[in-house]
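Colleague: As a plain string of letters, each chain reads:
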Amino acid sequence: MGQTFAEKILGSKAGKRVAPGEIVEVCPDIAMSHDNTAAIAKTFKEIGVERIHDPDRHVIILDHCVPAANEKFAQNHKDIRAFVQEQGISNFFDIERGICHQVLPEEGFALPGTLIVGSDSHTTTYGAFGSLATGIGRSEMAVIFATGKIWLRVPETMKVVVNGVLPKGLTSKDVMLKLIGDYSVDGGLYKSVWFTGPVIDEMSVASRMVLTNMAVEFGAKNGYMEPDDKTLAFLQNRSRRPFRVVRSDADAGIDQVIEMNVNSLEPQVACPHTVDNVKPVSAVAGTKIDQVFFGSCTNGRLEDFEIVAGVLRGRKVHPSIRMIIIPASQQAFVQALEKGYIQTLAAAGAVIVNSGCGPCMGNHEGVPAPGERVLSTSNRNFKGRFGCKDAEVYLCSPLTAAVSALTGVITDFRKAGAF
Amino acid sequence: MSIISGKIWKYGDDVNTDVIFPGKYTYTVTDPKEMARIAMEDLDPNFAAQVRPGDVIVAGKNFGCGSSREQAAFCLKYAGVGAVVARSFSRLYFRNCINAGLPVITLPHSPDLFKAGDVIEIHLAEGYLSCSAGRFEFPPLPDAVIGIFNDGGLIPHTRKVLGLER
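Sequence order for the protein chains is A and B. If you're matching positions, the first sequence starts at 1 in the numbering used here and goes up one per residue. If you're matching positions, the second sequence starts at 1001 in the numbering used here and goes up one per residue.
You may find that some hints are simply not true.
Cut-off 16 Å, straight-line C-alpha distance, at most; resulting in silico cross-link-like pairs (EDC-like, lysine to aspartate or glutamate) [stated by the list, open to error]:
{"#": "1", "chain 1": "A", "residue 1": "K168", "chain 2": "A", "residue 2": "E266"}
{"#": "2", "chain 1": "A", "residue 1": "K389", "chain 2": "B", "residue 2": "D1044"}
{"#": "3", "chain 1": "A", "residue 1": "K383", "chain 2": "B", "residue 2": "E1165"}
{"#": "4", "chain 1": "A", "residue 1": "K45", "chain 2": "B", "residue 2": "E1165"}
{"#": "5", "chain 1": "B", "residue 1": "K1077", "chain 2": "B", "residue 2": "E1041"}
{"#": "6", "chain 1": "A", "residue 1": "K42", "chain 2": "B", "residue 2": "D1044"}
{"#": "7", "chain 1": "A", "residue 1": "K383", "chain 2": "B", "residue 2": "E1126"}
{"#": "8", "chain 1": "A", "residue 1": "K383", "chain 2": "B", "residue 2": "D1031"}
{"#": "9", "chain 1": "A", "residue 1": "K288", "chain 2": "A", "residue 2": "E392"}
{"#": "10", "chain 1": "A", "residue 1": "K279", "chain 2": "A", "residue 2": "D290"}
{"#": "11", "chain 1": "A", "residue 1": "K159", "chain 2": "A", "residue 2": "D251"}
{"#": "12", "chain 1": "A", "residue 1": "K288", "chain 2": "A", "residue 2": "D228"}
Stretch-level coverage of chain A by chain B, calculated; a stretch enters the list once three of its residues show a Cβ under 8 Å from a Cβ in chain B [said to hold, decoys possible]:
{"#": "13", "segment": "30-39"}
{"#": "14", "segment": "50-58"}
{"#": "15", "segment": "249-258"}
{"#": "16", "segment": "361-372"}
Worth flagging that the hints you see were computed from the coordinates, not collected in a lab. All figures in this text were calculated on a predicted structure; none of them were measured in a lab. Glycine included, every Cβ here is placed at the ideal spot set by N, Cα and C.
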């Protein structure tokens, strides 16, 4: 029998043929950490090792609370800068660069056939470039600092085949919410989820990143697509190292196959307080909202700005709505500026904030008040996620968010005429 | 440490890391005592004040889903929780518990069998737990990771492997 993508990558790292369920000790190609690097550095020092095993393996990106919201966050950043300098880590990106899951690919570190770990659950994003990418804990990252190694279980593989043609205005976000809604937040538990099929082939690289970003909301260890010409075009003039595309063998062991057809897919909304509490927009249309958040590592890229600016051009955000916009990276910010999207959004009355995680984990820049509802293009709607346990978070696509920002209620863009 | 004994705290499916340890505290609350005080804050406001050493969390499927934040494992350990028993765990949470040295037990039975507040005894080495609902056996941790757990977590284990024991 042939081997899966995950078996090949982990097997090559372990230096032997491996099977699902096996636990192997491996050296990741890239290890990413963010604002949690200060805590990791502290744990690293507790181990008693003086120098990082391989500084070039590490990429550190500040994004979780940038610029620092208060003294504690500021001290955290200061400690990280000192550590980076002390250990000679050259792949360091300070507060001006953007969200780690956007910056790491932009900087050419997310490469096909590589093993990437990150002390952040949405590390799965990099699977859109054909890497095996998964989240790990802080202590584990500290041990990678010390030894370069981590234990990983070889995952079973689930194949998600997305068939049909997406109706106008529907996006990868709607596809992912539908998948999670139908199969629940543990539908892909422990698995390596391979997204494939004609709808995936049609998608841009940025749209594919939505699926892999949210693979963790599906319980997956990693999500990935096989690289194609679009992937390789993205990596051209960007990739930091030579790479080798890895694909599953035709006769590899696939644990489960899910076939989806999106021909009649409706816009999807994940309702409070779980990502699988998904309803078609028609079931929640009319729900009053107080804040729209357009941004995050899920949906804050240039193609998302094009959609949102297209809706808001020449219009005004509803007076009862606060619209917060955060580009996924500084690059996306500059591109959106060059295209005139930022001017359009500012003129519409949106608040545009520098690139970073913003309110997505409740640190700053748009924390809701008790009793308020947020409609968000991000990836999590857990109770308290936006920093207030008595607020509600709904998740949707950038188009649904933009149209709803104009009406003040969750809105089905297909019924909103001019949109 | 081989017998864990305390009372049951019962929760449902898909308990996520944000309700165990809210994201807004991940960079501001670092002291173990403070971490214990906010454990489960957004799920069960009574938990932190009333939990006693050795108490056991019994929950449904996909416990600890969401973030990679290991404070969600450590805060329960610091609060005195003896073990977490669930139908399944998110992979990150499972790892974080092993790395924190907090026993995680996967038990396929419904948490509905268990009664909140009931006394439970877990015999880790023997691989069974008992309470008024009966005696339930569970498989041991995989061989490859049991060493980490037995050494008290990933950091003490790494020190031992590297010969840097204190």
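Colleague: It remains to establish, for every hint, whether it holds in the given structure.
Modeller: Okay, the hints, checked on the actual structure:
1. A/K168 <-> A/E266: 10 Å, holds
2. A/K389 <-> B/D1044: 12 Å, holds
3. A/K383 <-> B/E1165: 41 Å, violated
4. A/K45 <-> B/E1165: Answer holds: A/K45 to B/E1165 is near 13 Å, not above 16 Å.
5. B/K1077 <-> B/E1041: With Cα atoms ~15 Å apart, B/K1077 and B/E1041 stay inside 16 Å; holds.
6. A/K42 <-> B/D1044: At roughly 31 Å apart (the allowed maximum being 16 Å), B/D1044 and A/K42 break the hint.
7. A/K383 <-> B/E1126: 38 Å, violated
8. A/K383 <-> B/D1031: This hinted pair is violated, its Cα atoms lying about 24 Å apart.
9. A/K288 <-> A/E392: It holds: about 11 Å lies between the C-alpha atoms, which stays within 16 Å.
10. A/K279 <-> A/D290: 20 Å, violated
11. A/K159 <-> A/D251: OK: A/K159 and A/D251 at ~13 Å, within 16 Å.
12. A/K288 <-> A/D228: Violated, because 42 Å separates the two Cα atoms, which is more than 16 Å.
13. 30-39: With 3 residues in contact (Cβ-Cβ under 8 Å with chain B), the coverage given for the segment 30-39 of chain A holds.
14. 50-58: n = 0 at 8 Å, threshold three: violated.
15. 249-258: violated (count 0)
16. 361-372: Our answer is that it holds, as 4 residues pass the Cβ test (under 8 Å) against chain B, meeting three.
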